[in-house]
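2 protein chains.
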Amino acid sequence: MSAIDDLIIANERYTAGLAPADLPLPRRGSLVIVTCMDLRIETGRAFGLREGDAYVLRNAGGRLAPAIPSLVVSQELLGTDALAIIHHSDCGMTTFTDEELRTRLRARGLDARRMEFGAFADIDESVREDMRAYQSCALLRQEIEVRGFVFEVETGHLREIVTG
Amino acid sequence: MSAIDDLIIANERYTAGLAPADLPLPRRGSLVIVTCMDLRIETGRAFGLREGDAYVLRNAGGRLAPAIPSLVVSQELLGTDALAIIHHSDCGMTTFTDEELRTRLRARGLDARRMEFGAFADIDESVREDMRAYQSCALLRQEIEVRGFVFEVETGHLREIVTG
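Going down the list, the protein sequences come from chains A and S.
Every letter in the first sequence is one number past the one before it in our numbering, and letter 118, counting from 1, is 118.
Every letter in the second sequence is one number past the one before it in our numbering, and letter 47, counting from 1, is 47.
If we strip away everything but chain A, and leave its shape as in the complex, we get (with noise of 0.2 Å):
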């Protein structure tokens, strides 16, 4: 049994307990959140997220540049209207650089010049510089009320840092 079986079997149970409220339409007007992979933050109990909530957008940190073309079409053919963006403590990105891993990648023979990973050193300076890359992008909507947030893993508290 693998975790990807033990996702399966999940489904099932989820399917099985579903009522019709459970399965909305989407609708315009929602909120995006934007936040990191990690798995100690399990979206729908940190933020109450029920089906029909909210828009959720998860890389690697929870930075803004990579989640920019999906933030774009969540604008303009979703008409979201309010944007979180929320990094958290004991980030895995705060313990290298890009150009380290580039290096580590490299030794093994693997070209990643051209990626970008956007590792960071401090994390409440990580919400506001996506802030301002939020900001200074032409192709976002700036009437939007967009706000940063860092996720304390330690306590699964929320503390505001910024808001645009």
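Because the hints were derived from the structure by calculation, they are not lab data.
A portion of the hints provided could be inaccurate.
So the derived list for chain S, only partly shown, Cβ under 7 Å to chain A, looks like this [said to hold, decoys possible]:
no., residue
1, A3
2, L7
3, N11
4, A19
5, P20
6, L31
7, G44
8, A46
9, G52
10, Y55
11, V56
12, N59
13, A65
14, L77
15, G79
16, E145
We put the beta carbon where it would ideally sit given N, CA and C, even for glycine.
With chain A fixed as given, assemble chain S onto it according to the hints.
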């Protein structure tokens, strides 16, 4: 009260009810899930995830290409060893083409010529395409378990499409 204020209140409720076991440490050898940002996919409920169970990458469509840098980080830094690629029925990414979205942005004076959105026409085929993209990416570990699924938003059911 905005949707982001609701999120903060939900987080306060979450921290109030947290048990020590809800705050695990990161671990090696975990599952990664790549799926769509769609608000009908509540990953915790639909896939039975608790804190500590899986790294989750989400973008518009659940496409592999924009997830590659994060996948490299997860494999190199965190030793993840299984991947589930999960697209879904009724996906917004089948309702336009990348070129149509670029044209629409250009009409507002916005230049997205170099931006890939990852729109696609056929949901089962997009899963197979992303499996091929995985298999042809030298930066990703080929010895791990990789499986592709479609999540049926009409029923909540996970349908397996392809095994890598």
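Status of each hint after checking the structure:
For A3/S, the suggested interface contact is upheld, since its CB lies about 4 Å from the closest CB of chain A, less than 7 Å. Given hint, L7/S at the interface with chain A, holds; its Cβ is 5 Å from that chain's nearest Cβ, closer than 7 Å. Checking N11/S against chain A: minimum C-beta separation of about 4 Å stays under 7 Å; hint holds. The interface hint given for A19/S is violated, since its Cβ lies 10 Å from the closest Cβ of chain A, which is over the 7 Å cut-off.
Here the hint on P20/S is broken, as its CB sits about 11 Å from the closest CB of chain A, past 7 Å. Against a cut-off of 7 Å between C-beta atoms, the interface hint on L31/S holds, since the closest Cβ of chain A lies about 4 Å away. Annotation: interface hint on G44/S holds; nearest CB of chain A at approximately 3 Å, less than 7 Å. At a threshold of 7 Å, the smallest CB-CB gap from A46/S to chain A is about 5 Å, leaving the interface hint in force.
With a cut of 7 Å, the hint placing G52/S at the interface with chain A holds, because the nearest CB-to-CB distance is about 5 Å. Restraint check, Y55/S versus chain A: the minimum CB separation of about 4 Å is within 7 Å; hint holds. Interface restraint check for V56/S: the shortest CB-CB distance to chain A comes to about 5 Å, inside 7 Å, so the restraint holds. Contact between N59/S and chain A, as hinted, is supported at the beta carbon level, the nearest pair being about 5 Å apart and thus within 7 Å.
Among the interface hints, the one on A65/S is violated; its C-beta lies about 10 Å from the nearest C-beta in chain A, farther than the 7 Å criterion. Interface hint status for L77/S: upheld, as the beta-carbon distance to the closest one in chain A is roughly 5 Å, under 7 Å. The restraint placing G79/S at the interface with chain A is violated, with a minimum CB-CB distance near 11 Å, outside the 7 Å limit. For E145/S, the suggested interface contact is upheld, since its CB lies about 6 Å from the closest CB of chain A, less than 7 Å.
Hint violations for this structure: numbers 4, 5, 13 and 15, all remaining hints satisfied.
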